[in-house]
Amino acid sequence: MVKTIIEKVWDRHVVTEEEGKPDLLYIDLHLLHEVTSPQAFEGLRLAGRQVRRPERCYATMDHNVPTRNIETVSDPTAQKQMTTLEKNCEEFGIELAHMTHPDQGIVHIIGPELGLTQPGRTIVCGDSHTSTHGAFGAIAFGIGTSEVEHVLSTQTLWQRRPKTMEVKISGELGAGVTAKDVILAVIAKFGIDVGTGHIIEFTGEAIRNLSMEERMTICNMSIEAGAKAGLISPDETTVEYLRGRRHVPEGAAFETAAAEWLALATDEGAAYDTTLNLDAADIEPFVTWGTNPAMGTGISGHVPYSSDYASSSDKEALKKAIAYMGLEEGMPLSDISIQHVFIGSCTNARLSDLRAAAAIVEGQHVHPTVTAIVVPGSRSVKRLAEQEGLDEVFIAAGFEWRESGCSMCLAMNDDVVPAGERCASTSNRNFEGRQGTGARTHLVSPAMAAAAAIAGRFTDIRKVPVLQD
Amino acid sequence: MEPINVVTSLMTPLDRKNVDTDQIISKEFLKRIERTGFGKYLFYHWRFDSEGNANTEFILNDARFESSQILVADENFGCGSSREHAPWAILDYGFRVVIAPGFADIFYNNCFKNGILPIRLAQSEINSLLADGQKTPIELTVNLEHQTVTRIDTEDILSFDIDPYSRQMLLNGWDEISLTFQYEDKITAYEERMAR
Ligand code: SF4
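Residue numbers (our numbering), protein chains in the order written: chain A, 18 to 486; chain B, 7 to 202.
A hint or two may mislead.
Below, computed lysine-lysine pairings styled on DSSO-like, alpha-carbon distance capped at 30 Å [stated by the list, open to error]: (1) K206/A <-> K180/A; (2) K46/B <-> K141/B; (3) K180/A <-> K25/A; (4) K206/A <-> K336/A; (5) K480/A <-> K206/A; (6) K25/A <-> K185/A; (7) K192/B <-> K38/A; (8) K97/A <-> K37/B; (9) K337/A <-> K192/B; (10) K38/A <-> K25/A; (11) K25/A <-> K206/A; (12) K20/A <-> K206/A; (13) K337/A <-> K141/B; (14) K180/A <-> K38/A; (15) K185/A <-> K20/A; (16) K97/A <-> K46/B; (17) K20/A <-> K192/B; (18) K192/B <-> K336/A; (19) K20/A <-> K38/A; (20) K206/A <-> K185/A; (21) K206/A <-> K337/A; (22) K46/B <-> K104/A; (23) K25/A <-> K46/B; (24) K192/B <-> K180/A; (25) K141/B <-> K332/A; (26) K20/A <-> K180/A; (27) K141/B <-> K104/A; (28) K46/B <-> K336/A; (29) K25/A <-> K480/A; (30) K332/A <-> K206/A.
Hints are computed from structural coordinates only; laboratory data are not their basis.
Required output: the full structure, derived from the provided sequences and hints.
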């Protein structure tokens, strides 16, 4: 029988199925961080339970870590979360990339880097952007803290079998159009809850042509389309990315594993519950103007008019969003000036993202009214970028070069956008207050963020000279 | 977990779509390592201005709804992050039931682990609850066993779907982990099969 990768991976992990119940699904890899785990460990302790398979867990510190001076966490409650994670990992025998460890980084960036993320695995983490790991052909999804506790003690989860959705991007992307623009375009076109109850598989020529890092950007934001998870069938690109990574098999065992991974790909003719199509040629560099990731459009566009919407609740939503964002109906996106630029987060803080941004800013200078920071996604990304001299390019252009962590993506640490100010951000959420109380977030690709830093306003990356030669 | 079956209370009409978890519980309140005490931070930036004064326009600050245990909102409630602090805040504030046309998946799952009953009703039913409930407070009786929501004013009985497993969990207040331990031998057998 022909099957999608979603069904293949799911079926392999079903421990038991019973009438009237969700499936009991085995979890291969459990990633942990300091914010959503303390209450789960406390639950274990109170019930006198153990961690069933500590070797299938891996923890890091990312959400709260300072990016300026990692030796001092200024907030005592944040410090307590880190110390608590450290104690919990020690007590239950879980490997931890401490804030000061060379492998530290955002949980969704280090999983793939270390080769923990592999095709065919079930991967969970108490974090919604766990969908990132789906880029490798894994079923990876975010869970709440009670489920974290459940996985710690049983290595399983009760899960209803999700529906399957194909999002097919056909054709080729234009110059200056990136993976970030693709996923923002998908969400803008189909809506922030189109994927509810589904796992999305991204297919099509445009997806096949993407690197692993770009595929991670796409899968990362499948949660912003409401999907349980997003994934991409493994191919040679996947295999080559994984070859030689720390936690993957070596030698002949690698070749065996690679053959198994490739066999997971969706079979020709397999059916999905739903298929959505988008033509790559229709996608422009994107900018969000509103307060959820679907409120965005191409850089040549403008903030919508309320007359563009039929329903009164949509008109109301537009009004609320642009009042919060301090924008007017019909305003061209290229007229919006910004005060902050954040290049970072699990969406866009890998080496290729930093390279793309550096290519734009090289030899230029950040606009005098703009504060711009680069926060590499992991310490490994930071080291590699420094070996290439990207740090010098950014610093010479007037960017701050920081230590790795979630940083201004959710502003739990000191990296906060002040109320009423506007930030071009490579992160994934533009909700009210996400980057600071009253802060206004516009989601863009790294190249678009870099160009905005130089120009002081949004600008069409396709018209920036460096891209034209 | 507290079992839940029948809840009778005034409903709080929160007439917003796509209420995200960042609004339900803002990130500055995620640093605590306990499960309790989040209620005072629920919808914090909608309830209070930057000086900490109550925003009188916001529905939760309307004294009539003070002891309400039922929150009614528009579509895609709970979208965004996986933070279980969101249901913890809702429960700690005093709500046991959230009614909406649809919920984001992770939030929906998180409710069941905490003794909160999330109910999906048709958009048209929600529209009238929200519209009428903002004019005059409406009392509802939610009955999980019968899978009904009764409007006391009109005597309308609305029925809802819920999967039998989640319903059982809530009615009995079961601890899911203890339940899963009964499958220990199956989990071990699975691990052995995979190791071969
Ligand atoms: S970078 Fe942002 S989205 Fe990613 S894990 Fe950290 S806080 Fe979450």
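Comparing the hints with the structure gives:
1. K206/A <-> K180/A: holds (20 Å)
2. K46/B <-> K141/B: Answer holds: K46/B to K141/B is near 26 Å, not above 30 Å.
3. K180/A <-> K25/A: Cα-Cα ~13 Å, so holds.
4. K206/A <-> K336/A: Cα-Cα ~20 Å, so holds.
5. K480/A <-> K206/A: Holds. K480/A to K206/A sits at ~25 Å (cutoff 30 Å).
6. K25/A <-> K185/A: Holds, at roughly 19 Å.
7. K192/B <-> K38/A: Roughly 16 Å separates the two Cα atoms, so the pair holds.
8. K97/A <-> K37/B: Holds, at about 8 Å.
9. K337/A <-> K192/B: violated (52 Å)
10. K38/A <-> K25/A: Given pair K38/A, K25/A holds - Cα atoms ~20 Å apart, limit 30 Å.
11. K25/A <-> K206/A: Roughly 29 Å between the alpha carbons, so the hint for K25/A and K206/A holds.
12. K20/A <-> K206/A: Distance of about 28 Å is within 30 Å: holds.
13. K337/A <-> K141/B: Holds, at roughly 21 Å.
14. K180/A <-> K38/A: OK: K180/A and K38/A at ~16 Å, within 30 Å.
15. K185/A <-> K20/A: With a Cα-Cα distance of about 17 Å, the restraint between K185/A and K20/A holds, given a limit of 30 Å.
16. K97/A <-> K46/B: holds (21 Å)
17. K20/A <-> K192/B: holds (25 Å)
18. K192/B <-> K336/A: This hinted pair is violated, its Cα atoms lying about 54 Å apart.
19. K20/A <-> K38/A: Cα-Cα ~23 Å, so holds.
20. K206/A <-> K185/A: holds (13 Å)
21. K206/A <-> K337/A: holds (20 Å)
22. K46/B <-> K104/A: This hinted pair holds, its Cα atoms lying about 29 Å apart.
23. K25/A <-> K46/B: violated (45 Å)
24. K192/B <-> K180/A: Within the cut-off at roughly 26 Å; holds.
25. K141/B <-> K332/A: Given pair K141/B, K332/A holds - Cα atoms ~21 Å apart, limit 30 Å.
26. K20/A <-> K180/A: holds (13 Å)
27. K141/B <-> K104/A: Cα-Cα ~53 Å, so violated.
28. K46/B <-> K336/A: Satisfied, since the Cα-Cα distance of roughly 28 Å is no more than 30 Å.
29. K25/A <-> K480/A: violated (44 Å)
30. K332/A <-> K206/A: It holds: about 17 Å lies between the C-alpha atoms, which stays within 30 Å.
Violated hints, listed in ascending order, are 9, 18, 23, 27, 29; each of the other numbered hints is respected by the structure.
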